[in-house]
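Given chain A's structure and the hints, the job is docking chain B onto it.
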Amino acid sequence: MLAADVEVDRREFTVRVALEVAPGERVALFGPSGAGKTTILEVIAGLVPVKRGSVSLAGRPLDGVPPWRRRVGLLRQDPGLFPHLSVRQNLLYASSASAGELDPLARVLGIDGLLGAMPARLSGGQAHRVALGRLLLAHCDALLLDEPYSGLDAGLRRTLTALVGSLVAARSVPAVLVAHELPDAQAFADRLLVLDRGSVLQSGTPSEVVLRPASRRVAELVGYLGFVPAEGRGLAGVHPDRVIPGAEPSRGLVVDGVVESHRPAGAVWEADVRAGGALITCRLADEPTGPVTITILDPPYFDASGTLIPDNAPRTAP
Amino acid sequence: MAPNTGFSAKSVVPRQAASTRGGLPRARSVPAIVSVLGAAVIWIALLGPVITLLFHLSWGSIRSSLAAPGAWDPLLTSVESGLVTLGVLLLVCTPLAWMLARGRLPFPRVWEAGVLCSLLLPPLVIGLLLVFMVGPYTWIGSLLAGLHQSGTNTFLALVIAEVYESAPYYVLGAQAAFESVPARLEQQGSLLGDRPARVFRRVTLPLAAPGLAMSLAVAWARAMGAFGAVVIIAYHPTGIPLQIFTTLQETGLATALPFALVLLVVALPLPLAAYIWSARAGRRRRG
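First to last, the sequence lines map onto chains A and B. Taking the numbering used here, the leading residue of the first sequence gets 1, the next gets one more, and so forth. Taking the numbering used here, the leading residue of the second sequence gets 319, the next gets one more, and so forth.
No wet-lab data here; the hints were simulated from the structure. Do not rely on the hints blindly, as some may be mistaken.
To be verified - Straight-line distance between alpha carbons at most 25 Å, and here's what the computed SDA-like set of lysine to any residue pairs gives:
no.: 1; chain 1: A; residue 1: K51; chain 2: A; residue 2: G64
no.: 2; chain 1: A; residue 1: K51; chain 2: A; residue 2: E12
no.: 3; chain 1: A; residue 1: K51; chain 2: B; residue 2: L423
no.: 4; chain 1: A; residue 1: K51; chain 2: B; residue 2: A592
To be verified - Covered by chain B, according to a simulated footprint, are these stretches of chain A (three or more residues, beta-carbon under 8 Å):
no.: 5; segment: 74 to 86
no.: 6; segment: 92 to 98
The beta carbon of each residue, even a glycine, is placed where N, CA and C say it ideally should be.
So here's chain A without its partners, still in its complex pose (with noise of 0.2 Å):
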């Protein structure tokens, strides 16, 4: 189990933090940039002191123990191959890295047939997963992954987030993903933590966070693009892709509005309708012009002060 409960100074606030990874649970902290994430990550590997607060693994008091006995890994978005040694060697950089593992290892990874290559020769994937490697190999007790693939393309990213995903799983150990792109945290983590100026202003699964966001600021920062007001039921959270055309009182909120301006996004149309006095944002498969009637897939309600309604508590207007 790795146990966090923390406060850092930084220069513009205070990161606050309380987090509890167990072993092969796979927790993503998100949030926008400069929030206080790598600074979390940057605590429990102990490269930041803490003003106050307490870090441990395994049963293991972290607290001033130095970077080099934690045995902590932390994968940042530059993979870091010391660029001297080859790619057996970057592998077989820890003291405790086996060789024995080395070769079963690099199959898993696809990279059995760069051991004899330089890291400059290695593609951004290829160099990922060879870091990766090398901190599996040095048998970290913990996973902490900053931003680590967000320079490469989607497929790619995909790709070595399950990889480290069941990595993670089949060894047992806690790993914590930084991310500010909702997909890949999602794409990841068991566990979201939605941090705001250094405060976790919410945690749960995924799907809870992202359909149920607890207050307006989460909402916005997982991606909703207006609110709409819903007579006797506060305001209702617009997600552009959680909208379909038409009326589907079942399914959610119908909304009657008129389109002011819409662009392509890809393969469907964004567009900015102004409902109820609101103006927000949806993605629609057809490209729509003027009066529109949308559903709003089953919202998250907000009252006045912003905090999510329960749903099953009675709806009170804004």
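Only chain B this time, still in chain A's reference frame:
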């Protein structure tokens, strides 16, 4: 079956790279040719004194100068003092350069300005000031006398003068070499279980080594050619630069110039080796 061309697809890449890196035809446009010619003019201008030296030497003068009794002693003195100087720089100035590079010192600009001071002062002035610092009537001089040593006109004095003349070049170069090693790689080494000293040995030093070698080569050249401070505090034992000076005064230019050639021939291999080794290290990293 594909014909055997003698090299695989993989081996083509380095060959192509070598053709552009290694000096084979590169300039294919007029501006490129002009820039190469411009570089050649600058290079030849910089080599001017060396070219002049070669034109003013004759085999006869080289033979007679170098065959004189004790003619090779200054060379030996210069090489020995130069090597000791390099050892001192490595041991004393490398940690300083590392601390400057990693921001481990308070008020870093003050430290850097201190290093620059001895670079800004003319070597002759440094020599004069060293007399006031390590001369026989100073407390350091007394301390050295207690150890049966002297800070003037001894081998130790020669090393002191060479250290002061060459140290700033080494420290500034070594600092840049350490700064070129990303701190995140050191962090990674640490997170993989290595103590700081081991990270320094396995990560920092190998990555900074080409830059350190170049800085050491510059310091070596500076130490071998040190004259200004040397002439003040270490007239004896005589090194090569001083030998050139005294020979010039006593017997003239024709007999002094062969020693300049000797200095060049003896001092050049180490910097050349450093250049070649650095280039090879870079190529090895590029795979």
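Point to revise | Satisfaction of hint between A/G64 and A/K51, Cα-Cα up to 25 Å | key: It holds: about 12 Å lies between the C-alpha atoms, which stays within 25 Å.
Exercise for review: For the pair supplied as a hint, A/K51 and A/E12, confirm whether the alpha-carbon distance does not exceed 25 Å.
Suggested key: Given pair A/K51, A/E12 holds - Cα atoms ~15 Å apart, limit 25 Å.
Review point. Do three or more residues from the segment 92 to 98 of chain A put their C-beta atoms closer than 8 Å to C-beta atoms of chain B?
Key: holds (count 4)
Point to revise | Holds or violated: A/K51 to B/L423, with C-alpha atoms at most 25 Å apart | key: holds (23 Å)
Review point. For the segment 74 to 86 of chain A, does the count of residues with a C-beta closer than 8 Å to a C-beta of chain B reach 3?
Key: holds (count 7)
Check your understanding: Regarding the pair A/K51 and B/A592, is the alpha-carbon distance no greater than 25 Å?
Key -> violated (47 Å)
Hint compliance for this structure: hint 4 alone is broken.
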